[in-house]
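*Asks:* Dock chain B with the ligands against chain A, hints included.
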Amino acid sequence: MSTIPGMGMVRGMGLTLRRFFAPKATIQWPEVHADVAPKFRGRLQLLYDEYGTLKCETCFQCAQACPIECIDMGGMDTKGRFHVHWGPPETYGERREESAVRRSGRPVADHAFTRFEAIDLAPLDAILEAHDYDPRDMLAILEETQAAYGHLPVAALRHISRVTGAWYAMIYGTATYYRHLRFEPPAVTDAPPAGAAQRELEDAYRSALDTALGLGGRPS
Amino acid sequence: MASFLATPREWPRVLTGHVDALAANPADLDAAVRAGAFDGLRKAVRDLGATGTIATIAASGLRGRGGAGMPTGAKWRAASAQPADQRYVVGNGYGADPAVHTDHALLSSDPYAVIEGLVVAAFATGATQAILAVRADDAALVTMLEGAVLAAEEAGFAGEDVLGTGHAVYLAVRPVQGAYMLGEETVLLKALEGKRGQPEQMPPYPTERGLFDRPTVVNSIQTLAAVPWICREGGSAYAAIGAKASPGTALVQLRGPAGGGIAEVPLGTPLRDLVKLAGGPGPRPLKAVLVGGPTGGLLPAELLDTPYEFDALRSAGAHVGSGSVVIADDRTCVVDLARLLTRFSADNACGKSIPCRIGLRRLYEIGDRIAGGRPKPTDATLLGDLAHDITASGLCDHERLATLPFTSGMRYFRSEIDDHILRSTCPAGVCQPIAVAAGAAHRDPA
Ligand SMILES: Cc1cc2nc3c(=O)[nH]c(=O)nc-3n(C[C@H](O)[C@H](O)[C@H](O)COP(=O)(O)O)c2cc1C
Ligand code: SF4
Ligand code: FES
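Chain order of the listed sequences is A and B.
For the record, in the first sequence the residue sitting at position 220 is 220 according to our numbering, with numbers rising by one throughout.
Just so we're on the same page, our numbering is the position in the second sequence counted from 1, plus 220.
For reference, chain B alone in the conformation it holds in the complex:
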């Protein structure tokens, strides 16, 4: 059972609202129904109808929680408008970032919210097949989800006749594993087709040509879990939560010197409050927050008032990404951290696009050179040029975003990078064998 961090009482709980009621057994369908599960589905199929449901989701302003923040209503509308003999809905529960456990927490504490969201999405877009793709690692969770799907079908919430309306929505749980890139939607679809996992150029988007070339809605399971609440409470109620252009709440994985955990926060919450939720920066001064996971951006302490929200983060040089917010204090070296993240991105590149496969490798090699004490005077320029070229020739978002650790580092911590390149010092005292700046060698021996 996953536990969530306690948040201020006035923060709405859209995604974790049923967690306490289901604490004893999250797969208990009766307890879930008593708590209000499938009320949203009932409202969608009885009162709203397919187009009404899409209109409600569009009115709520819900944006995809998978990272990019695509408007969900528009995505569903595009899929339903596409003529086809078959449509699919795929719940993306892969959770690619190894340091983020929000998908697991959500699925293991309230599986019916995701299942209900899937059925609503399938109903609204006219899909008869809905697939819940999850990590294969946790066999117990997969079994639990399969049981939950079966229970929902037996109770008539899914299957050949959803709530007596004659609509069929068949659900399947598909465990996937074996590659970081499976989180990316076109790669996930490739895996579900039994193929090598490499992304496809978009457009055409999956809503036009997706699984087995049929229109397909791929939504993060966090996006889907918000859908029942929106159907139940109405689009405007959801639009009233959080930031204006990014309404609603999101699960955030916090990590810092003083602890961390998963919290449901309204979008638009300043980063400062998220740092506070994670227990603050600890005894040392905060240096940066890494927002967005391995492809995230490093934001300095001066930007702690940035709202945690899609657009503000993007313009600050970070992104919502995997929903991870990591607090770094002055023991962290920006170059060291950026090269680690870039190396992870390079190691996990699928190999299809050359600037991604080779460019990212070259990028972390520059980082290695800088950290290793043998930088070239031009390395800062080279770093910037290369990052720009990689981003500009991106095939998938992985490639377009994987340069963020370095580009945000260059933007906000340029003097620290210059210290490495021009003065052979690492202010944080991390990089070797560079001469350590006097007075800054305070790294704990642990």
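Excised from the complex, chain A in its bound form:
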């Protein structure tokens, strides 16, 4: 606490003066663009409006887009109605797991570090060469990579990104979309083939439809 009256104001004015003459960080957008890394997505932050309520619409756009599926929505809406996420309150790790299974049908294994380990790239190089390092063949490249390694190791995706010139985020976006692609080795050795994820969903739909029609599980 300052004892001299008015000292606070003087200090404040001093700061103002210093800032006034300091070089400015303002960028004349859109004429000038800041030089940022291509994968920069801005700072992740939840904002509040002037009434102090969260601006988030729980539209799940961010959760859907999040490449490592670490974002999910949870809680109640403003009228205390529904839980917006689909499970009991749980730890962050559990929620992340559950959210991943619910949205992509795949668990996110917690081998956070092993997945980054270096792998033998020789089989991958052969695949890439066969496709002429063409990013337009990305799905075929990813499918063959999965066939060669049993899953899509992060190191492989990085390598594919480096040699094809496709952004890692784009490759990741493609690989997370298709249900037959997976990022971790199957937990059991006699795991069903990768394409089974989609087929399971379709079988479930067929039998649910039959049940709703009162037909039981009769084959069509």
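No wet-lab data here; the hints were simulated from the structure.
Glycine included, each C-beta is placed from N, C-alpha and C at the ideal position.
There's no promise every hint is true.
To be verified - Example chain B residues on the side facing chain A (calculated, C-beta under 8 angstroms, incomplete):
(1) A356
(2) A360
(3) T363
(4) K415
(5) R416
Stated by the list, open to error - Each pair of labels, with its calculated beta carbon distance range:
(6) B/S456 to A/A148: 52 to 60 angstroms
(7) B/D305 to A/E129: 24 to 32 angstroms
(8) B/E374 to A/V163: 33 to 41 angstroms
(9) A/A37 to B/D305: 33 to 41 angstroms
(10) B/A279 to A/G165: 42 to 50 angstroms
*Replies:* Relative to chain A, chain B with the ligands alone:
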């Protein structure tokens, strides 16, 4: 080998005409040629020429069998009119609806009809690349199709010099898998480009900016399989079949209590006749027909005279969609069925558009509430408003159509929905834990 339901003798067989001749080995090119395969292509390249072929297809009135019923002639004309260094033709054989096997049946019983249709489409639109996109699940079918494409190229029906005319049409079979939305044309093109499968706003249509930004014709393989017949027999012969505004035949996947199967039916056939083809409603009274697959509409018994045809179905609140016609008897609860279908649509939404991703989820949550015995009095209104908003803000047809089970249910079975909401009863005795209406608890224990 797929088998088709027997249909009345007088019904024309445009798509299944060669099936018997190829029964021994559908990939046998010689047998197919003896049965008349590639006669249409010959006529197109020798007599009609590119513009003549498009004119013939336009005159036939052929409309896309992928669901929306876009006029095929107009689509081809748009693609060929677009200046480009490269054009593509894509045969959409993904067959997204899990309960419909018509594409598989067609490809596995007469692959050359589809291949011929692809080559004709490529020739007519000036495309040199034609891609047949099929499901990767059935590896044997993929191998068979690859063999058939090779055989057709070796025989000069495709490849660098189609029938000695100097036109090149290179064919490729591309197996795709991993998402329901792959059936939608812009999503399929994304997959073929090796990208994440999310639809694009249309317009611009793929005929303007499609695969790798080049003009692209995407046709259902059922549409393509009708093309050889039209080239061979003429546009007016095809226009004479079926309904006036929706000529020709279509493959329909029928399913009901008494059985079902795949049948080739002339468009415009009343739903009543389709129910009969599926063996009738069975011992119980018919309650509704679900027309159009997971995004289809529920039509009541009073509407059985509706012709199975693009426009009539749309105005009745259903659509041709995946070509599925499902018969539901009185054991089916409309709310239960609609929420199941909506849940499927929501689970398979690609996530790009918010009303689709969240709106459909909210829609089936309302259905869950109603079926689960804790509805709100306003749920019927909410259902209608939400469905309207989702449809109005649709990015792709999936979103615009996925509300149909509920909106058609509200339109024709409102009293049953009100029974759930206002009286806590499920007339069909399906929904729990709602009190079951006395005398209606006849659901089989099976
Ligand atoms: C969700 C959704 C799924 C679709 N699935 C298929 C399909 O499985 N097969 C198909 O041919 N068309 C499907 N379509 C329609 C295609 O987008 C496209 O309109 C069609 O392939 C064009 O061919 P056509 O003009 O011959 O109908 C689907 C559309 C939507 C919105
Ligand atoms: S859920 Fe939607 S509104 Fe909420 S933070 Fe994510 S993107 Fe933004
Ligand atoms: S399916 Fe992609 S936005 Fe609806």
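*Asks:* Please flag the earlier hints that this structure goes against, numbers listed from lowest up.
*Replies:* Hint check: 2 and 3 fail, others pass.
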